[in-house]
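**Q** With the sequence shown counted from 1, adding 493 to any position gets you the numbering used here.
To be clear, the hints were calculated from the coordinates, so they are not data collected in a lab.
Label pairs and their calculated CB-CB ranges:
1) D563 - V531: 24 to 32 angstroms
2) E575 - D549: 29 to 37 angstroms
3) V571 - F525: 19 to 27 angstroms
4) G523 - S503: 14 to 22 angstroms
5) K496 - E575: 16 to 24 angstroms
6) Q577 - L495: 16 to 24 angstroms
7) D549 - V518: 36 to 44 angstroms
8) M494 - F525: 30 to 38 angstroms
9) F505 - L554: 26 to 34 angstroms
10) E528 - A558: 43 to 51 angstroms
Backbone N, C-alpha and C define an ideal beta-carbon position, used for all residues, glycine too.
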Amino acid sequence: MLKSAKQNLSKFYFYGISEKFEQSVEKIRGKFAWEKVVEFSLQKNTKKRPLIENIDKTTLLSLNAAHDLDWQLYNFAVKHFEEQK
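Starting from the given sequences, assemble the full structure and let the hints guide the process.
**A** This is the structure in structure tokens:
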């Protein structure tokens with residue numbers, strides 16, 4: 494399943510990474526030769542989310558184990574994104 498997801502992701506002409514929003518906008522602007530992009534501002538909407546420092550280690554380990562494939566795909570996506578021109 495992970496292999497298939499990686500192959501599918503590699504076929505996309507473009508995708509962005511939320512944590513690299515500004516870089517994503519610049520990359521897509523370059524791919525389509527857009528001269529100017531509309532102004533934007535980033536807003537965090539997760540005010541009620543607990544800080545990771547406040548989550549116990551057992552819970553964090555359980556969450557990481559449950560989302561291992563997601564993390565692997567995310568790390569692949571970030572690496573692939575950074576390698577793209």
